[in-house]
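Trainee: Now that you have both chains on their own, put them together as the hints suggest.
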Amino acid sequence: MLNRNEKSEKMRRIYMDYAATTPVDSRAFEAMKPYFMTNFGNTMSLYSIGREAKRALEESREKVASLIRAKKNDIIFTGSATESNNLALKGFAFANKKKGKHIIISSIEHHCVLDSAHWLEKQGFEVTFLPVDKYGLIDPKQLEDHIRKDTILVSIMHANNEIGTIEPIKEIGKVCHDYDVCFHTDAAQSFGKIPIDVNKMNIDMLTANAHKMYGPKGVGTLFVRQGIKLDPLLHGGGHEFGLRSSTVNVAGIVGFGAVVDIAKKEMDSEAKRLSKLRDKLIEGILKIDNSYLNGHPTLRLPNNTNFWFAFIEGESLVLHLDMKGVAASTGSACSSESLEPSHVLMVIGLKPEQAHGSLRLTLGKQNKNADIDYVLEVLPRIVENLRKISPFKK
Amino acid sequence: MVLFCIPCLVLISYFAILSIFFPKYRGYIKEGWRCFLDKIRRRKCVASFDSRMRHAVSMWFSEKGMPSIGKFLYDERKFNITLIVVGIVFTTLSIFLFILLINFLTSPSCPGPVCTVE
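If you're matching them up, the sequences are chains W and A in order.
When you line the first sequence up against my numbering, it's residues 247 to 640, in that order.
When you line the second sequence up against my numbering, it's residues 4 to 121, in that order.
Derived BS3-like pairs (lysine-lysine); straight-line CA-CA distance at most 27 Å:
id: 1; chain 1: A; residue 1: LYS74; chain 2: W; residue 2: LYS570
id: 2; chain 1: W; residue 1: LYS510; chain 2: W; residue 2: LYS446
id: 3; chain 1: W; residue 1: LYS420; chain 2: W; residue 2: LYS345
id: 4; chain 1: W; residue 1: LYS463; chain 2: W; residue 2: LYS336
id: 5; chain 1: W; residue 1: LYS634; chain 2: A; residue 2: LYS74
id: 6; chain 1: A; residue 1: LYS47; chain 2: W; residue 2: LYS570
id: 7; chain 1: W; residue 1: LYS380; chain 2: W; residue 2: LYS420
id: 8; chain 1: A; residue 1: LYS67; chain 2: W; residue 2: LYS634
id: 9; chain 1: W; residue 1: LYS570; chain 2: A; residue 2: LYS67
id: 10; chain 1: A; residue 1: LYS27; chain 2: W; residue 2: LYS570
id: 11; chain 1: W; residue 1: LYS416; chain 2: W; residue 2: LYS317
id: 12; chain 1: W; residue 1: LYS475; chain 2: W; residue 2: LYS336
id: 13; chain 1: W; residue 1: LYS614; chain 2: W; residue 2: LYS522
id: 14; chain 1: W; residue 1: LYS533; chain 2: A; residue 2: LYS74
id: 15; chain 1: A; residue 1: LYS33; chain 2: W; residue 2: LYS570
id: 16; chain 1: A; residue 1: LYS81; chain 2: W; residue 2: LYS634
id: 17; chain 1: W; residue 1: LYS416; chain 2: W; residue 2: LYS395
id: 18; chain 1: A; residue 1: LYS74; chain 2: W; residue 2: LYS597
id: 19; chain 1: A; residue 1: LYS67; chain 2: W; residue 2: LYS533
id: 20; chain 1: A; residue 1: LYS81; chain 2: W; residue 2: LYS570
id: 21; chain 1: W; residue 1: LYS511; chain 2: W; residue 2: LYS522
Hints are computed from structural coordinates only; laboratory data are not their basis.
This is chain A alone, in the form it adopts within the complex (with noise of 0.2 Å):
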């Protein structure tokens, strides 16, 4: 249940990033937050958000000639699945240099994510 919420979120935090930047992007992250909660309902996406940017980033790669690329997400399934497997990639990056970071700023002569305190 939670797997097929996780495209929202991962598009949620593209926008997010983006409109940090870009303001006119804030939009998005309404809808993706309500795409969110319909999914967790199990209803279908009620402004067709997902399915948008399903064809938006499939055209996107058609567009660069990437055709195959485009094909491949243009499929439901595959670019729900890619859209997980990047969220998680996402997260595990995220969470690994938090602990990096965290470790700077606590000892900032560890080299490495696990240091020993002597």
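Bound conformation, chain W alone (with noise of 0.2 Å):
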């Protein structure tokens, strides 16, 4: 039985999870090497290596910038998505509070949106978590009903890290922009997928990270246009235009902004390819019984599927899958002592045990044709193989 396991060694290795993190480009690990050894200066310094280092920080700022069409000096670096959800939140919230206390946010946000809002409603801030549909959608009606005159932020992701649906930014940044509400989107997982334009979408401060898009880890980004006021949450050295003190990484950045380059010459190409890739795999697996898709069948990511499987514990199945050499995540997160359902699943409708049985499998440049496939021909045997022993069915 393990003998597959140790064969799964020579097996080759097919993975599927590129929204939890993704491989770094070698082109841009090419243009990150020089900041680490040679041209490894402060970017605070005067001499010419500091210089240097500032030279390639301001270029960087200038690539993430034009690939929302948004203004160079808008754009902050930070050190991950989370720190950007943190401080658009956070420092929004502190920055603005005599303006008012409430702040709107979809109830299928990210962690670090969600629990941000928490944390600022302990501190006297009023939240409200807008539901949503059975697809994930937001409903632009529905949020305009809950602006209030004291509302003074609403945040809402651009594409859901779960089940991949795309909200309708366009016309939420519209709501916002007719009530004077400040709109903060969370694009780590459509940065560099699909387009984004931060002016035809009203969108006022923007999330993003480099490691979901073939960059390095421990870099994010926050846009925060012009006339935006913010808190910061680190204080220090003023780095980031005085919002983000610390030590800029610059290697970081650099690679940031060469994937963003990269993204800018091959998203509608790659888009339309892992769409398609996309499409097999859907079609294929829900020809499984008792199969089902999370998440909209077309307003969704190019790259993501997701689905629950009846009778069947995710974690199985994604243990199962490495098995094979896939892969893939669960829509379960592992406590210490019980295994705790997605909310995303919760809050689209699924009853605990059906999002204890999802799967999510997402894909990048790496996949192709011959990895659909072979998904294909395991994962049907996996799932009969584990509703024979499942203490779910009876």
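Mentor: Structure follows, in structure tokens:
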């Protein structure tokens, strides 16, 4: 039985968890290398290697800004999307608390947004968690009904990390703009995958990171439209326009800039290619009995698929797929004593036992047609065998 | 406390024997040992070693046409209890065989585990 696991060392390994993280593109890695050992200067230094680091930083800032049609000086680099989201929510809330104390977020946001909002509630802010429909979509009309005179911020993610549903950001931005409410969107999953225009979409703040688009971990960005006031989370050297004091991760940011350049050239063709693979995967998996797609059938990220299978635990599916060489993720987060189902799946209407049986497969650059064929070959057998031993199937 | 660690020890012994003939199983001994240390510290196994083994074993029985055994072992508690029983039986048998061997080597004419010296 374990021979299969051993054979997987020689068997090809198929990575299908690109929503969690991605391998660094070799072109980005080459761009980063000089900034580790040769041009290692501090951007605040006056001498030549410091000036070179500063130049590289500003060049990357311009690249990131151009991808979302923003102005260069509206881009701040942070350590991660989590940090950017924390800064956007907490920084904005405290800087603008005199204007009001009501914040609206969707109930399927990433935990860094949800937990920041819960923390703000403890600090005296009022937070409305907007419901979503069975596909995870926000209704802009419902958002409009919840906006009050004291509403200062709306934060709705562009595309959900679990079910891939793409929100109607343009319509949401228009509602916020009409009511003069600041609009923040977490675009960590969509940045570099689908087009974003912060002006056409009326976005005031936007979060993104590098490691979800073949860049290095440890670098994120927050777009802050000119005129928006934020209280910084980190105080110190005054870096990043006083909003994020900390010696700048030049190498990481250069890598970020490099992958943005790559995304500009390859985004459209890659989105088309991945959409075809995604649709083939969805069609094939839905042929399995008692299997269902989570998220919107069409308004979803080009690389995202998420299913639930009746009578099965997602953790078992992931472990058995791993034995067959396929890396995937489930919608259950393991805690020390209990298996908690994903809050996103629960909010879109799944019961706990259904949410437990979920499987997320997200595609990327290294995935080819043959990988989809392989998954469609092994997954039905795994599901069939797991159902034979499942305690949920009577 | 010690009881919870026995399943890991049983798995380590299993892979230790296998790795004598097949070196590729040596990696599992290291993982099993890490899991054993985690269990002693009352932590969840970091690499989910015990969970993976449970899934592998139960799926093996299912694929070999014994789904009822697979279903039985799929339950974490039952899997651990089974391994604890196997561990105790294996240890007892080993001790018994060891005594037999010692007796055979020291006094080959002795038919059983306990012999009196006349």
